[in-house]
Amino acid sequence: MGFAPSAADMTGSVVPAGTDAVYLPADHTAVKIVVAGPFAVGKTTLVRSVSEIRPLHTEEVMTSAGALVDDLVGAAAKSTTTVALDFGRHTLPHDLVLYLFGTPGQRRFRALWDDIAVGALGAVVLVDTRRLEDSFEAMELIEERGLPYVVAVNCFPGAPSYPVVRLRQALDLHPDTPLVACDARDTTSCVDALIALVTHLIAHYAEDPA
Amino acid sequence: MSGPHSPGRRLVPAYLATAGSARPSRNTVDRITIVAGASRDVPEGLGPAQHRIAQLLQSGSLTVVEVAAYLRLPVSVVKVLVSELVDSGHLLARAPVPPAGRYDRQLLERVLSGLRAVRG
Numbered sequence: 001m002g003f004a005p006s007a008a009d010m011t012g013s014v015v016p017a018g019t020d021a022v023y024l025p026a027d028h029t030a031v032k033i034v035v036a037g038p039f040a041v042g043k044t045t046l047v048r049s050v051s052e053i054r055p056l057h058t059e060e061v062m063t064s065a066g067a068l069v070d071d072l073v074g075a076a077a078k079s080t081t082t083v084a085l086d087f088g089r090h091t092l093p094h095d096l097v098l099y100l101f102g103t104p105g106q107r108r109f110r111a112l113w114d115d116i117a118v119g120a121l122g123a124v125v126l127v128d129t130r131r132l133e134d135s136f137e138a139m140e141l142i143e144e145r146g147l148p149y150v151v152a153v154n155c156f157p158g159a160p161s162y163p164v165v166r167l168r169q170a171l172d173l174h175p176d177t178p179l180v181a182c183d184a185r186d187t188t189s190c191v192d193a194l195i196a197l198v199t200h201l202i203a204h205y206a207e208d209p210a
Numbered sequence: 211m212s213g214p215h216s217p218g219r220r221l222v223p224a225y226l227a228t229a230g231s232a233r234p235s236r237n238t239v240d241r242i243t244i245v246a247g248a249s250r251d252v253p254e255g256l257g258p259a260q261h262r263i264a265q266l267l268q269s270g271s272l273t274v275v276e277v278a279a280y281l282r283l284p285v286s287v288v289k290v291l292v293s294e295l296v297d298s299g300h301l302l303a304r305a306p307v308p309p310a311g312r313y314d315r316q317l318l319e320r321v322l323s324g325l326r327a328v329r330g
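So the sequences go chain by chain: V and Y. Mapping to the working numbering: the first sequence position 139 is 139, numbers consecutive. In the working numbering, each residue's number is its place in the second sequence (first place is 1) plus 210.
Excised from the complex, chain Y in its bound form:
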């Protein structure tokens, strides 16, 4: 559970990482929304935290919660930053199965057959 940083108070408050934005610009960002960089290059002119997100997602796709874990940022902060990066076209987002569709029989059958395959 211990990372490379010693426990202690956060030196930069979370609200500075988002430049004062308190809420995601889109409320569709879930912890398991999959995000990826929209281009191969890390865009110029981003704030430090957004730059790190763009850098991390330059090489592939991850969910919002994985971005938060790898960058050691609170999920609520990453949601705000990711929303802005999606709005500005820097990131592409893939929504998870919507709550209304989660009990679709076909989806559940796919999950079940997937789990059986994992079990071997």
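Chain V on its own, in the form it takes in the complex:
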């Protein structure tokens, strides 16, 4: 995973890091969308397809109890584990920059969810028709946080395709929750899934200034 800075790294005695950093244009405002789903459902691929920069990742330090390590001193005594989190960004017209966070959909990462979901516009939940139930945990984590979402069926070659009605039934979707097909390798297809999410937000969540 290429994390674990060396001692030299931490003391700054190596070549300045981040020389390949792609800086943000001035005066932009950041918004974020969560890309969720089980292992190997295509989260990283989707983030990569949409990102205008080389997708980056952070290593998130978790305690064995599933808490994000905020209390760094106390954490020294706990057993910790790290999870790699992919993210990407795309600058939009109108001075906005969109961040996509690929977020593992397992309950043991809930502390990570608490941190990432705050202020997020919504989520795209990826599902694989060969293992629909693997996405349920991600959907629950999102619903618990009151985050609006769309479900995107990542069309893997050879995966069975089902009628929309049956899929909605199997996923137990709210009638308003959009269900879209998506090829995570295809930028346009991924942007369409994001458009479906934002259209859904405008239809059901938009607030007019008081």
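Errors might be hidden in some of the hints.
[Stated by the list, open to error] Where chain Y lies over chain V, by a calculated footprint (3+ residues, C-beta under 8 Å): (1) 49 to 62; (2) 85 to 94; (3) 118 to 126; (4) 152 to 162; (5) 184 to 196.
[What the hints assert, rightly or not] Cβ pair distances, simulated, as ranges: (6) Ala327/Y - Asp114/V: 20 to 26 Å; (7) His174/V - Ala310/Y: 21 to 27 Å; (8) Val164/V - Arg315/Y: 24 to 30 Å; (9) Ala170/V - Gly330/Y: 32 to 38 Å; (10) Asp251/Y - Ala170/V: 56 to 62 Å; (11) Asp172/V - Leu302/Y: 42 to 48 Å; (12) Val165/V - Gln268/Y: 53 to 59 Å; (13) Glu319/Y - Arg168/V: 26 to 32 Å; (14) Gln316/Y - Pro157/V: 17 to 23 Å; (15) Asp114/V - Arg315/Y: 41 to 47 Å; (16) Asp172/V - Glu319/Y: 18 to 24 Å; (17) Gln268/Y - Arg130/V: 46 to 52 Å.
Honestly, the hints are just simulated from the structure, not real lab data. As the structure is a computational prediction, the values presented were derived from the model and not from experiment. For each residue, glycine too, the CB sits at the ideal point set by N, CA and C.
With chain V fixed as given, assemble chain Y onto it according to the hints.
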């Protein structure tokens, strides 16, 4: 996914990078808070990790999560360090859209029209 460093245990514990501070001095720092150097010069007298952050942000703006990724530091650590650098006037921070304002119709319309433009 593999960087220039071989995987292994972190040699310098994260809590040393923050000189013992465990929590950000301001809880408004989000992973997508945009930060930039307040002046063209890298300030003197900073700790090693803060020096690297200031150096990285001397040339432009990045979000907290990008700083963490480029410098290979945990996001929680970067939040603490960035908070201190903002408090001491070394960095300028631009907050993301606040949770209460994220469903502002105008904002959502801007995002939608932006995505449509990307789609072409």
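Structure-based check of each hint:
1. 49 to 62: Since 6 is at least three, the answer is holds.
2. 85 to 94: It holds: at least three residues are needed, and the stretch 85 to 94 of chain V offers 6 whose Cβ sits within less than 8 Å of chain Y.
3. 118 to 126: holds (count 4)
4. 152 to 162: Coverage by chain Y is violated for the stretch 152 to 162 of chain V (0 residues, Cβ < 8 Å).
5. 184 to 196: With 5 residues close enough to chain Y, the hint holds.
6. Ala327/Y - Asp114/V: 20 to 26 Å: violated (33 Å)
7. His174/V - Ala310/Y: 21 to 27 Å: holds (24 Å)
8. Val164/V - Arg315/Y: 24 to 30 Å: holds (29 Å)
9. Ala170/V - Gly330/Y: 32 to 38 Å: Between Ala170/V and Gly330/Y, where Cβ atoms are some 34 Å apart, the hint holds.
10. Asp251/Y - Ala170/V: 56 to 62 Å: Distance hint for Asp251/Y, Ala170/V holds at roughly 60 Å.
11. Asp172/V - Leu302/Y: 42 to 48 Å: holds (46 Å)
12. Val165/V - Gln268/Y: 53 to 59 Å: About 56 Å separates the Cβ atoms of Val165/V and Gln268/Y, which means 53 to 59 Å holds.
13. Glu319/Y - Arg168/V: 26 to 32 Å: holds (28 Å)
14. Gln316/Y - Pro157/V: 17 to 23 Å: violated (41 Å)
15. Asp114/V - Arg315/Y: 41 to 47 Å: For Asp114/V and Arg315/Y the Cβ distance comes to about 27 Å; the hint is violated.
16. Asp172/V - Glu319/Y: 18 to 24 Å: violated (31 Å)
17. Gln268/Y - Arg130/V: 46 to 52 Å: Given a distance of about 49 Å, which is inside 46 to 52 Å, the answer is holds.
Hint compliance for this structure: hints 4, 6, 14, 15, 16 are broken, all remaining hints hold.
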